[in-house]
Amino acid sequence: AQSVSQHNHHVILSEAASLELGCNYSYGGTVNLFWYVQYPGQHLQLLLKYFSGDPLVKGIKGFEAEFIKSKFSFNLRKPSVQWSDTAEYFCAVNYITGGFKTIFGAGTRLFVKA
Amino acid sequence: NAGVTQTPKFQVLKTGQSMTLQCAQDMNHNSMYWYRQDPGMGLRLIYYSASEGTTDKGEVPNGYNVSRLNKREFSLRLESAAPSQTSVYFCASEKVGGRDGYTFGSGTRLTVV
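Protein sequences appear in the order of chains A and B.
Under my numbering, the letters of the first sequence match residues 1 to 114, in that order.
Under my numbering, the letters of the second sequence match residues 1001 to 1113, in that order.
Be aware that a few hints might be false.
[Stated by the list, open to error] Heads up, incomplete: computed chain A residues facing chain B, CB under 8 Å, no partners named:
id, residue
1, N32
2, K49
3, F90
4, I96
5, A106
Just so you know, the hints here were simulated from the structure itself, not pulled from any lab data.
Here the structure is a predicted model, which is why all the values come from computation and not from measurement.
Yeah, the Cβ is synthetic: ideal placement off N, Cα and C, and Gly gets one too.
Put together the whole structure using the sequences plus the hints.
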């Protein structure tokens, strides 16, 4: 079955620390990849996406992610986090042969200490 | 503002009651989705509509029905609510299915007692 794994359920960082959140997906051919962010009490917002081209994609608020096809990974990074980055982050994968359904990971809660 | 509008924002139901969650988007998107969000489980797809006039089951469709009323509106109905349906429900839309990324509504927090 198609699945998406986010290895860290909770991450605590101090401001200015670097961030990397892992995301791996099960093999299933061509994929489109997404990261979403959910700030406390809010709905999910698209952070960045990859569907072709340069495997290093840049999103909003200084986030970036790298698609490594050989590792089935799409890790999210930010060089220096801020208190306002405290949120839950979801990796999502659309398996193109699976049609329109996008599968979400369980999420990673990030808490940034001021 | 353009986006996805969900109503209601909060609802408490008694076991066995029915209700319909409403969702509308004004971005001329083709695809619409209903997800439920439960702690530690991420988002799970209930139903989706790839385009006007079509609907399909997702990962957890039991106990739910949907209607794609027109291109803008996609409603979710709980015919006989159960405590296991206590969750936060999100509607989302996408211009091209699977590729553009979702725009989410603000969610409906449903409690079934």
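Quick rundown of the hints versus the structure:
1. N32: Hint holds; N32 of chain A Cβ to chain B Cβ min 5 Å, cut 8 Å.
2. K49: Check passed: Cβ of K49 of chain A comes within 5 Å of chain B, closer than 8 Å.
3. F90: holds (6 Å)
4. I96: With Cβ-Cβ at 6 Å, under 8 Å, it holds.
5. A106: holds (4 Å)
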